[in-house]
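> So the chains spell out like this:
Protein chains: 2
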Amino acid sequence: MTDTTADFLGRLTAALPPGTVIPGPEAQDRYCHDWSGLAPVRPLAVVLPRSTEDVATCLRLCHASEMGVVPQGGLTGIAGGAQPVAGCIVLNLERMSAVEEVDTVMATMTVQAGTPLATVQAAAEEAGFAFMVDLGARGSCAIGGNISTNAGGNRVIRYGMAREHVLGLEFVLADGTVVRSLNKMLKNNAGYDLKQMLIGSEGTLGIITRAVLRLQAKPTSVSTALCRCADFEAVLSVLKGARKRLGPSLTAFEVMWPSFYDTMYGGLPQLRRPFGNGGGIHIIVEASGFDPGRDAERFEECLGALVEEGVVDDVIVAASERETRDIWAVRESVSEYGRVLGRIVAFDIGLPTTMIGDFVDAATRELAARWPDVRPLAYGHIGDSNLHLVVNVPSAGDHQPEHEIDDLVYGMAGGAGGTISAEHGIGLVKKPYLGRSRSEAELATMRRLKQALDPRGILNPGKVV
Amino acid sequence: MTDTTADFLGRLTAALPPGTVIPGPEAQDRYCHDWSGLAPVRPLAVVLPRSTEDVATCLRLCHASEMGVVPQGGLTGIAGGAQPVAGCIVLNLERMSAVEEVDTVMATMTVQAGTPLATVQAAAEEAGFAFMVDLGARGSCAIGGNISTNAGGNRVIRYGMAREHVLGLEFVLADGTVVRSLNKMLKNNAGYDLKQMLIGSEGTLGIITRAVLRLQAKPTSVSTALCRCADFEAVLSVLKGARKRLGPSLTAFEVMWPSFYDTMYGGLPQLRRPFGNGGGIHIIVEASGFDPGRDAERFEECLGALVEEGVVDDVIVAASERETRDIWAVRESVSEYGRVLGRIVAFDIGLPTTMIGDFVDAATRELAARWPDVRPLAYGHIGDSNLHLVVNVPSAGDHQPEHEIDDLVYGMAGGAGGTISAEHGIGLVKKPYLGRSRSEAELATMRRLKQALDPRGILNPGKVV
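Line by line, the protein sequences are chains W and A. First residue of the first sequence: 0, per numbering that gives the first Met the number 0; consecutive thereafter. First residue of the second sequence: 0, per numbering that gives the first Met the number 0; consecutive thereafter.
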């Protein structure tokens with residue numbers, strides 16, 4: 000640590016309330032890495048603000064000294080967006096965790112950025128509403144991280160990404176300026192909508208400290224089914240038919256290729272398999288409604304028609320909460336990859352929906368040509384054009400050929416007009432590949448924005464752009 | 000015209016295809032003003048590009064010569080966003096009007112920016128979908144203008160603003176850089192989502208040339224009713240009850256105070272009045288569904304329950320398309336203000352929903368205290384927190400005390416935590432009042448963005464920020 004760095008940390012510690020700045024060597028290990036699998040990095044210090052003013056004070060000092068700041072929420076990102084950077088400090092918002100207000104007439108909730116997603120969901124439920132951003136890491140991830148990465152999840156097909164659930168934001172710019180834009184109204188065209196710029200920018204343009212969230216009416220019925228189809232063409236027919244018949248009631252459409260489905264059931268014997276080993280592509284279809292006397296019947300009519308049309312081969316409609324949980328269990332078992340596969344290389348690709356079936360086949364073929372024992376697991380939110388692909392080469396053990404696999408898959412996705420990140424973001428891990436799905440003009444415009452709002456490049460340095 | 004200006008126009012004319020640049024004195028009058036009511040301004044020239052390349056060429060030359068450019072679509076904006084600026088050129092995209100592609104699997108449409116909204120809607124219908132941005136000027140306004148102003152309209156309560164219907168954009172920056180970001184996927188988190196910055200920036204950050212629009216499944220049933228309520232408290236109960244019972248089927252909730260309703264029926268005798276002269280606040284409630292065998296019944300159950308609860312005093316459910324048109328006719332008669340009222344001062348305020356009733360009463364009182372013969376007409380998209388207020392002082396004739404009325408109403412709206420523009424934008428007309436609903440930190444951040452993307456200030460100069 001140079002004298003200058005020591006001086007800086009001294010000033011920072013003095014400017015903030017006692018206990019806010021934890022020197023790097025004393026910080027808990029958990030601040031040293033996110034879920035990206037990158038090797039831990041110990042920051043110079045971990046700052047744990049309790050208020051927006053603490054965040055502003057910290058950024059003002061960092062800006063003055065050109066000190067890099069890595070913002071952290073629940074650390075569940077897998078693109079390395081919250082991964083510490085050597086020689087920088089970490090600003091973790093976990094102490095700014097509070098539901099400040101639920102407005103039942105406006106159907107909004109005001110929360111601090113460090114609030115866990117599950118806490119937000121529970122507070123919405125308690126007030127008779129629903130917060131419709133949902134993903135597997137709900138218990139650990141923070142709402143500020145969900146917003147700064149524009150999180151997706153299982154119900155995007157009906158409710159959209161995190162962006163569509165944010166009405167207002169308070170954030171702090173790199174120089175410590177607090178921009179308080181806690182709008183509660185559905186419509187506000189008074190000048191530029193600044194929050195849009197912050198959402199999805201992964202902490203590189205400002206640090207989100209508070210948010211006004213949009214709540215939804217809580218559906219009074221939920222119907223869930225597991226369908227089996229012969230091939231991807233049939234899956235597309237099911238999607239089209241379900242959209243036409245269920246309209247906005249269609250709230251999830253999760254597709255699992257045999258590679259995913261059979262591998263996860265094979266590796267996790269505690270899961271109860273709804274069908275026998277019949278092969279085919281499985282789909283979880285969920286509909287949510289507001290007409291409980293009729294919704295279940297309508298859902299079954301829709302599925303019945305799809306069976307009659309010959310696009311669905313087998314279907315099970317959940318008759319209880321337990322059966323619903325059983326249907327979702329395999330889809331939610333993705334946190335068990337370590338146990339089932341060992342080390343993996345994970346993708347979160349977006350592709351025009353019609354091309355996804357061919358892409359899975361082609362990628363599987365190309366990967367196998369290069370690594371004969373490869374296990375590429377395919378599944379995803381196909382209604383949103385989002386394919387998850389998880390790759391493991393058993394013979395490579397702990398040394399997966401990550402870069403080679405990345406090159407192959409991102410090259411194919413870029414060539415097909417897809418995006419290298421549908422929902423997980425760019426962070427550190429995908430930064431080298433951003434040019435595969437963005438043009439030079441797009442990248443240059445992103446850099447202009449970054450330069451305008453963070454001219455000294457202190458916010459999450461080296462990430463995204 | 001100085002020599003320099005003449006030289007510039009010569010270069011511009013030479014660089015673009017013949018017939019693209021119309022010298023100002025020869026330009027049709029319609030390019031000299033939008034629907035804001037501001038006095039016409041003749042631009043130096045009107046440029047009518049046929050391609051993105053034409054737009055890029057024009058901007059490159061304007062940037063080099065620091066020539067101001069006012070982008071125009073259908074010229075239907077009422078905030079002056081498309082109003083020419085003296086000494087500047089106008090860039091009207093009316094010749095870039097084409098539906099280039101409808102993708103029925105992705106449910107997207109790719110269009111050129113000058114395409115009229117009604118053309119977009121019709122093309123969507125023809126393909127079996129619906130494009131859900133809708134507003135009174137649909138026959139004249141251009142989709143590029145709808146996007147650059149983040150237009151709202153009648154179905155925001157269910158489908159959101161224009162922003163939520165845009166998946167991709169192609170736009171040209173001030174220096175002529177073409178940013179082609181014609182994404183079709185629902186999810187794309189590959190770096191900053193640049194289109195979000197362009198949407199709603201009223202042509203001050205770039206000029207939109209193409210868009211990929213998101214289409215919706217076309218509902219197979221539409222039910223419409225006119226309700227009469229005693230007061231605003233009852234209106235809020237109807238909104239809450241309709242949301243709970245109809246969920247996402249609730250697609251319009253248009254409230255009309257007696258000041259609007261009685262004045263428009265009184266002034267337009269050709270309109271057929273569904274109820275007698277009973278007073279009260281009227282609401283148009285519309286539900287759209289995908290279960291035609293059941294939807295109408297469910298709609299009537301919902302309204303029946305609201306009558307039984309005593310929050311709705313009278314209700315008429317449209318039994319035919321003709322009755323539906325009759326119910327909407329008065330709400331859509333807003334283009335007839337000239338005939339009914341003469342000159343008006345129009346507001347498009349956003350307020351927390353619960354405060355709207357008191358705001359209407361207070362504004363009416365304050366206006367009457369100052370101008371005893373004032374006619375303040377109130378109506379709006381209350382489910383979206385959006386109140387329209389139209390003010391006319393009969394005794395002032397053609398010289399309405401516009402600034403005094405603006406000061407009074409915007410002062411009240413700002414004081415109540417509202418926005419001075421829910422959907423119409425800022426343009427020229429509302430620019431002096433932007434500080435009433437945005438903080439100095441917000442305004443400074445907007446100016447930073449403007450400076451970053453248009454450092455010479457050539458795009459729609461003097462507008463918004």
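Careful: at least some of the hints might be erroneous.
Any copy, or any two copies together, can satisfy a pair, since identical chains are not distinguished.
Mimicking DMTMM-like on lysine to aspartate or glutamate, the simulated pairs with C-alpha atoms at most 25 Å apart in a straight line are [said to hold, decoys possible]:
{"hint": "1", "residue 1": "K217", "residue 2": "E232"}
{"hint": "2", "residue 1": "K217", "residue 2": "E308"}
{"hint": "3", "residue 1": "K449", "residue 2": "D28"}
{"hint": "4", "residue 1": "K243", "residue 2": "E100"}
{"hint": "5", "residue 1": "K239", "residue 2": "E163"}
{"hint": "6", "residue 1": "K217", "residue 2": "E65"}
{"hint": "7", "residue 1": "K449", "residue 2": "E100"}
{"hint": "8", "residue 1": "K217", "residue 2": "E300"}
{"hint": "9", "residue 1": "K243", "residue 2": "E299"}
{"hint": "10", "residue 1": "K217", "residue 2": "E299"}
{"hint": "11", "residue 1": "K243", "residue 2": "E125"}
{"hint": "12", "residue 1": "K217", "residue 2": "E99"}
{"hint": "13", "residue 1": "K239", "residue 2": "E100"}
{"hint": "14", "residue 1": "K243", "residue 2": "D313"}
{"hint": "15", "residue 1": "K243", "residue 2": "E163"}
Please keep in mind that the hints were generated in silico from the structure rather than gathered at the bench.
> Next step is simple, just say for each hint if it's right about the structure.
These are the hints, each one checked on the structure:
When the C-alpha separation of K217 and E232 is checked against a cutoff of 25 Å, the pair qualifies only between copies, where the shortest distance is 23 Å, while the shortest distance within a copy is 33 Å. In the homo-oligomer, the alpha carbons of K217 and E308 lie at most 25 Å apart only across protomers (22 Å), although the nearest pairing inside one protomer, at 32 Å, exceeds that limit. Within a single copy, K449 and D28 get their C-alpha atoms no closer than 30 Å, and across copies no closer than 42 Å, so neither meets the 25 Å cut-off. In the homo-oligomer, the alpha carbons of K243 and E100 lie at most 25 Å apart only across protomers (21 Å), although the nearest pairing inside one protomer, at 38 Å, exceeds that limit.
For the identical chains of this complex, K239 and E163 are neighbours both inside a copy (24 Å) and across copies (21 Å), given an alpha-carbon limit of 25 Å. Taking the shortest alpha-carbon separations for K217 and E65, neither the intra-copy value of 47 Å nor the inter-copy value of 54 Å comes in at or below 25 Å. Proximity of K449 and E100 under a CA criterion of 25 Å is satisfied in neither setting, with 32 Å inside one chain copy and 34 Å between copies. Taking the shortest alpha-carbon separations for K217 and E300, both the intra-copy value of 23 Å and the inter-copy value of 19 Å come in at or below 25 Å.
When the C-alpha separation of K243 and E299 is checked against a cutoff of 25 Å, the pair qualifies both within a copy, at 14 Å, and between copies, at 23 Å. For the homomeric pair K217 and E299, the shortest alpha-carbon distances inside one copy (21 Å) and between copies (21 Å) are both at most 25 Å. For the homomeric pair K243 and E125, the shortest alpha-carbon distance between copies (16 Å) is at most 25 Å, but the shortest distance inside one copy (33 Å) is not. Taking identical chains as interchangeable, the C-alpha atoms of K217 and E99 lie at most 25 Å apart only when both belong to the same chain, with a minimum of 21 Å there against 39 Å between chains.
For the homomeric pair K239 and E100, the shortest alpha-carbon distance between copies (19 Å) is at most 25 Å, but the shortest distance inside one copy (40 Å) is not. In this homomeric assembly, K243 and D313 come within 25 Å of each other (Cα to Cα) only inside a single copy, at 20 Å, whereas the closest approach across copies is 34 Å. For the identical chains of this complex, K243 and E163 are neighbours both inside a copy (23 Å) and across copies (20 Å), given an alpha-carbon limit of 25 Å.
The structure is inconsistent with the numbered hints 3, 6 and 7, although it conforms to all the rest.
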